[in-house]
Amino acid sequence: MSAERLDLRGVKCPANAARALLRLECMDAGQELELWLDDGEPIDSVPPSLEQEGHEIVDRDRQGMHWCLRVRARR
Amino acid sequence: MIYLDNASTTPVAREVVETMLAALRDTYGNPSSGHRAGLDAARLLERARAIVAAALQADPDEVVFTSGGTEANNLALQGAVRADGRPGGHLVVSPIEHSSVLETAAFLEGQGVAVTRLPVDGEGRVDPDDVRRALRPDTRLVSIAPANHEVGTVQPVDAIAAACADAGIPLHLDACQAFTRVAFPADLATLVSVNGHKIHGPKGVGVLRVRRGFPLPPLLHGGGQEGGLRSGTPNVPAIAGFGRAVQLASPAENARQAGLRDAFLDRAQEALPGARVFGSRTDRLCNNACVGFDGVPGRELVVALDRLGIQVSRGSACASGSTRPSAVLTAMGVPATVALTAIRVSVGRTTTMDDIEAAIAALKRVVASMRGGR
Ligand SMILES: Cc1ncc(COP(=O)(O)O)c(C=O)c1O
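Order-wise, the sequence lines are chains A and B. Residue numbers for the first sequence, in numbering that gives the first Met the number 0: 0 to 74. Residue numbers for the second sequence, in numbering that gives the first Met the number 0: 0 to 373.
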């Protein structure tokens, strides 16, 4: 399944989490989202919000001042 | 009671009321707060933003929620004129814009901004060549409504957008009447205003779509919400309702309304001697009919119809108390005596063919008695 991509760099908390959840809700269960976040508050607060809704953080990778996450939509 | 003043404002759709009530009751968080309640509010806000963005062919980051069309228009005009920080500058508008554009232009003129008010033809149409000729090196913005609020005329807005694009001049579209009703080149415009209450959403909510990278300064300073362009805690229930209203709009409903509009215009001209249609029969908003009856003052007609339970208006709601002829009709070259006969009959989601029949029957009675009485 091809990964979708959502770039939330520059988007404030909690709008970033809200937009990530909106996208994940529209995806098929098990499909993966490549998610870009800023370092700092976003990387601290967005992943727990996604996990709380049952989405799975498969991978996280720091890229300078940003983070690239792989998130699997809730089954 | 038959409500035929949907161009002034529309009844809020049942689905919108439900969305808003749920948001008011359950989603009280501040959408900027980092906790669960804040995230819940942010989800409503961002869902609505995504819906409006898609409808305007925009990116969610380009959607700025405001308190309505008036604020969106003020932000657009005042901001664009000041965008590069230099004094002076030049603004191009049509003379038939909504007062929130015209009065803002006049305010800016008082502050040293040159303003060109373009001519319109007898149906209220702006000539794209006039736009082209009006552009100057110091022009900061061209502001045109894709569809007029009084006579419903739809502008050749693709050609106007092309004229602006060729010259590299930003274009603002006040699409409060056009939104969800007629196509307009949102993708070619730098700024686009829309609002909730013209499309069966709530009052007090609107959007300015601001093209990414355009250096617009804010009118309101504070907490930096809405990308810094509109500080203040967003009105989440109204915004959620606005999003729902956008989802409810449909081409099929627009076509149905156009049928009601045409039925009204045809019947008015058949059944009533001395009837006149203002604006265009072809390039016309699906919900707007603007008519007059020789020798019958529009102001008195509105009152007489209201007594029979039929609610229509004279031109724009803001001008309805005035004894002066409409500025829109005057700019179209309509003589004052004729312009003073104008009434606007505008249909919406709740309007039926029975309502149109009733309005025509009432008009026949009222016009005959008003003519007989003098
Ligand atoms: C074309 C147009 N622009 C702007 C507005 C003002 O919008 P609001 O009432 O949301 O301030 C209106 C109607 O009210 C309108 O018809």
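Misleading hints may appear alongside valid ones.
As the list claims (entries may be wrong) - Derived contacts from chain A toward chain B, CB cut-off under 8 angstroms, selection only:
id: 1; residue: L5
id: 2; residue: R8
id: 3; residue: C12
id: 4; residue: P13
id: 5; residue: A14
id: 6; residue: A16
id: 7; residue: L21
id: 8; residue: P47
id: 9; residue: Q62
id: 10; residue: H65
Claimed, not checked - Some, not all, of what chain B presents toward chain A, calculated at C-beta under 10 angstroms:
id: 11; residue: S32
id: 12; residue: G33
id: 13; residue: R42
id: 14; residue: E45
id: 15; residue: R46
id: 16; residue: R48
id: 17; residue: P217
id: 18; residue: L219
id: 19; residue: G221
id: 20; residue: A270
id: 21; residue: P272
id: 22; residue: G273
Everything labelled a hint here was simulated from the structure, so no lab data went into it. For each residue, glycine too, the CB sits at the ideal point set by N, CA and C.
Hint-by-hint comparison with the structure:
no. : hint : result
1   : L5   : 11 angstroms, violated
2   : R8   : 11 angstroms, violated
3   : C12  : 6 angstroms, holds
4   : P13  : 4 angstroms, holds
5   : A14  : 5 angstroms, holds
6   : A16  : 6 angstroms, holds
7   : L21  : 6 angstroms, holds
8   : P47  : 10 angstroms, violated
9   : Q62  : 21 angstroms, violated
10  : H65  : 17 angstroms, violated
11  : S32  : 7 angstroms, holds
12  : G33  : 6 angstroms, holds
13  : R42  : 4 angstroms, holds
14  : E45  : 4 angstroms, holds
15  : R46  : 6 angstroms, holds
16  : R48  : 8 angstroms, holds
17  : P217 : 16 angstroms, violated
18  : L219 : 17 angstroms, violated
19  : G221 : 15 angstroms, violated
20  : A270 : 51 angstroms, violated
21  : P272 : 57 angstroms, violated
22  : G273 : 56 angstroms, violated
Going down the numbered hints, you'll see the structure goes against 1, 2, 8, 9, 10, 17, 18, 19, 20, 21 and 22, while the others check out.
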